[in-house]
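Q: Dock chain Z against the given chain G, drawing on the hints supplied.
The listed protein sequences derive, respectively, from chains G and Z. Read left to right, the first sequence gives residues 1 to 397 (full-length UniProt numbering). Read left to right, the second sequence gives residues 1 to 397 (full-length UniProt numbering).
Among the hints, a few may not be true.
[What the hints assert, rightly or not] In silico SDA-like links for lysine to any residue, alpha-carbon gap of 25 Å or less:
#, chain 1, residue 1, chain 2, residue 2
1, G, K146, Z, S150
2, G, K146, Z, A162
3, Z, K182, G, Q239
4, G, K182, Z, Q239
5, Z, K182, G, R43
6, G, K182, Z, R243
7, Z, K146, G, S241
8, G, K79, G, D18
9, G, K182, Z, R205
10, G, K182, G, T340
11, G, K192, Z, I41
12, G, K182, G, Q291
13, G, K146, Z, A151
14, Z, K79, G, S241
15, G, K146, Z, L149
16, Z, K305, G, F87
[Claimed, not checked] Per label pair, the in silico range of CB-to-CB distance:
#, chain 1, residue 1, chain 2, residue 2, range
17, Z, G381, G, A151, 42 to 50 Å
18, Z, R199, G, G219, 52 to 60 Å
19, Z, G128, G, G44, 31 to 39 Å
20, G, P276, Z, G219, 28 to 36 Å
21, Z, L110, G, E278, 23 to 31 Å
22, G, R379, Z, P154, 52 to 60 Å
23, G, D115, Z, P320, 29 to 37 Å
24, Z, A106, G, R397, 50 to 58 Å
25, Z, R199, G, G128, 49 to 57 Å
What the hints contain is simulated information worked out from the structure, not anything from laboratory work. Backbone N, C-alpha and C fix where the C-beta goes; we use that ideal spot for every residue, glycine too.
2 protein chains.
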Amino acid sequence: MLLNEGRLRHWMEKLRLDAVIATAPENVTYMSGFWALPQWIRRGPQTYVVWPAQQIAEPEIITSTSTLDLIADQSPWVKRVRRYGDFHVVVGGDAADHAVSRQHAALNELPGHLDALAALTSALQEAGLAHANIGLDESGLLPGHKAALSAQLPKVQWTSAAALFRSVRAVKTDEEVERLAKVARIAERSIKAALAAAREGASERDLARAFDIETVMGGGAPVLSCIGFGERSALMNVQPSNRALQPGDVIRFDVGGRYRHYRADIARIATFGEPPPEVRRYHQALLRGVQYACEAIQPGMPTAKLFEEVVAVVRREGIPHYRRDHVGHGIGLDGYDAPTLSAGSTEVFEEGMVLCLETPYYEIGRWGLQVEDMVVVRRGGVERLMATDGDLIEVAR
Amino acid sequence: MLLNEGRLRHWMEKLRLDAVIATAPENVTYMSGFWALPQWIRRGPQTYVVWPAQQIAEPEIITSTSTLDLIADQSPWVKRVRRYGDFHVVVGGDAADHAVSRQHAALNELPGHLDALAALTSALQEAGLAHANIGLDESGLLPGHKAALSAQLPKVQWTSAAALFRSVRAVKTDEEVERLAKVARIAERSIKAALAAAREGASERDLARAFDIETVMGGGAPVLSCIGFGERSALMNVQPSNRALQPGDVIRFDVGGRYRHYRADIARIATFGEPPPEVRRYHQALLRGVQYACEAIQPGMPTAKLFEEVVAVVRREGIPHYRRDHVGHGIGLDGYDAPTLSAGSTEVFEEGMVLCLETPYYEIGRWGLQVEDMVVVRRGGVERLMATDGDLIEVAR
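Chain G with its partners taken away, still in its complex shape (with noise of 0.2 Å):
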């Protein structure tokens, strides 16, 4: 299961919460197992995932009718389910044969509601939630909706659940690990894909084709893909373009595609040729960075000490003048989970988070540098989800 049931039924005693309420793509198929296409590729479409404390009533998912195909062929651990809205299809002599056509058939038999705020206000009338403290995540709702809810069940006592998904979700369970693991690996075969592509006179965006192929090969989709060449490898959001490769320059790679909707974020950096002697020490000295963090990590560790002493050993190591804002972040369904590993972090190193650990540095006009390694933490330290090393890639010309 992708849900830390464990911890979220934590959270929502502490918070005296009767129900939670998940509406954005991230909280409803962390909630469910539900992916409901049509809320991840645009924004509007709702679906939502009910799930109140125990003995007051059963989870239950919130969805269009036009989306219970997906139910039935995903089979979410979440079983009940609430549709609204039409969509026409036929029951063919046939649909009894089939596990997933049966179950598309019988989903399109329940009751339907006119609309998405219909159909979620029954679902917590009928919950016995009218008079409840309910936590709304309201990231997924469109404008009005809030509103309109709040006078549909006047008596609810609303509190935002923001906060509580993001906690929740900081602390993966074993599936999400494997997943998490399966997507920074995909990551690094494309890096390797792409760097094969480096020759004199190749364009980045040959490297991000190569990249992206590679990605879908390994059974992942394609979302962050920025590869720069030289000065445009100091651009931190470099979208590919026809830049071509020449001699001694440095090959940024800031990427990570999508496995089962879990995200990979991880950096390397090559060189096209032998590395300006700058490039090998900057490097070296963000590379112990990371290192470092993969020592020092243990639960129970504050995110803001570790910022503190990564900062002061990439500076020991041969950046002095090194700045920035955070050197990690969680991972998941969502690119920034918690926790964050900034200064103003209050967060704490727990067992199960999954990180990415970075120390980019960017220097405009010459080149960015950055290494980055997706981790877990276990009990006693800090596990690599990698297969590679952060060390600067000389490829050969």
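A: Below, chain Z without anything else, positioned relative to chain G:
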């Protein structure tokens, strides 16, 4: 330019708006030409465009310091930029040597604001809009943002601008039509590549992989790759599985990627070996529906009228029980732009609209059939953006 400026001005005057503010990624890119990676791949990062009525002030982009590299690299047509938040970069000695680096360094010198809302508030105040009537697209804001903005600018009269942006975006500029034509062709070529992988025992995933790779090769990004065999072709949102191709299977494609941020959405049907007679008959009726739409659409025609006529054609041509909510929709930066071709729509076709015309038919347990073409409405009628017709494709076994 992507923006249909004349249409925007027309609507702003009609609604007596002194300015409009875009917050959703589609509207930000549309208004400015600026594609801010973080807001496109995550929910949360904030980038805005403030567009005052003429003679009040210049349009302005508001974005985080960490995205200024993308502004430098993309040279959006909105030239005024306001940044917020910190992001540490070093300006190297070579920054002046490259136009993009130079521009990046210059943008970095702009005065910084604490956060997105502080930057937006100051932009509106400096433009003399603190007492104005402002159209706001709220959909990209985070929960609480609208209330905070209203508190900061208590004299502003806020008007919801979601419908305005939707209406302006419905009529495409030449540059938009070019991108849409290109992405439609990429989708067609990707279907051809997928079908080249069709052989007995090949899986839906095998075809989807071939599809996505061709999309990447064509310069696109995979988004919608619904490819289903046999009974799975009746799943509206079918996600490719290990289902193996068998003789007589229908193969349904409802697919389309993104090219320079613009979406494709087309559908084609193939059969593996000879199609069952009913598939041939039904498909022909659906094709006639789309062909009729291509012949009938004229600027000024109500979309609801076309909807009724297309459904009648499909019924008459071979599926007497055909029922459908809509027979098409606009497409652009979003997969569902205005207009909607449905019974309840009050929109009319206008020159320059780009449409997906579609007649899907789903019979659970048996098969799904669908024809979907992308077209642009011209003065004299519809111009198809497709290189292929919608004929049933018979793949030799």
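Q: All hints, please: hold or fail.
A: Hint by hint, here is what the structure shows:
In summary, the hint linking G:K146 to Z:S150 is supported, as the alpha carbons are separated by about 17 Å, within the 25 Å threshold. With a C-alpha separation of about 17 Å, the suggested pair G:K146 and Z:A162 falls inside the 25 Å cut-off, and the hint holds. Among the hinted pairs, Z:K182 with G:Q239 is consistent with the structure: their alpha-carbon atoms are about 20 Å apart, no more than 25 Å. Between the alpha carbons of G:K182 and Z:Q239 the distance comes to roughly 20 Å, so the proposed pair stays at or under 25 Å and holds.
For the hint linking Z:K182 to G:R43, the alpha-carbon distance of about 24 Å falls within 25 Å, and the restraint holds. A threshold of 25 Å between alpha carbons decides the hint, and for G:K182 with Z:R243 the separation of about 23 Å falls inside it, so the pair holds. For the proposed pair Z:K146 and G:S241, the alpha carbon gap of about 37 Å is over 25 Å, so the pair is violated. Taking the CA atoms of G:K79 and G:D18, the gap is about 20 Å. The hint holds against a cut of 25 Å.
Taken as a hint, the G:K182 and Z:R205 pair is honoured in the structure, with Cα atoms around 18 Å apart against an allowance of 25 Å. This hinted pair checks out: G:K182 and G:T340 have alpha carbons roughly 23 Å apart, not beyond 25 Å. As the CA atoms of G:K192 and Z:I41 are separated by approximately 24 Å, the hinted pair is consistent with the 25 Å bound. Our distance criterion of 25 Å between C-alpha atoms is met by G:K182 and G:Q291, whose separation comes to about 21 Å.
Proposed proximity of G:K146 and Z:A151 is supported: the alpha carbons are some 19 Å apart, at most 25 Å. Among the hinted pairs, Z:K79 with G:S241 is consistent with the structure: their alpha-carbon atoms are about 21 Å apart, no more than 25 Å. A distance of roughly 17 Å separates the Cα atoms of G:K146 and Z:L149; the hinted pair therefore holds under the 25 Å criterion. For the suggested pair Z:K305 and G:F87, the alpha carbons sit about 20 Å apart, so the restraint of at most 25 Å is met.
Range check, Z:G381 to G:A151: Cβ separation about 46 Å, and the 42 to 50 Å hint holds. At roughly 20 Å, the beta carbons of Z:R199 and G:G219 sit outside the given window of 52 to 60 Å. At about 33 Å, the beta-carbon gap between Z:G128 and G:G44 stays in the expected band of 31 to 39 Å. Checked against the hint of 28 to 36 Å, the pair G:P276 and Z:G219 passes, with Cβ atoms roughly 33 Å apart.
Evaluation of the 23 to 31 Å hint for Z:L110 and G:E278 yields a pass: the beta carbon distance comes to about 29 Å. Roughly 53 Å separates the CB atoms of G:R379 and Z:P154, a value that falls within the hinted 52 to 60 Å. The beta-carbon spacing between G:D115 and Z:P320, approximately 30 Å, falls within the hinted interval of 29 to 37 Å. Taking 50 to 58 Å as the suggested C-beta distance range, the pair Z:A106 and G:R397 does not conform, at roughly 34 Å.
Restraint check, Z:R199 to G:G128: a C-beta distance of roughly 55 Å satisfies the suggested window 49 to 57 Å.
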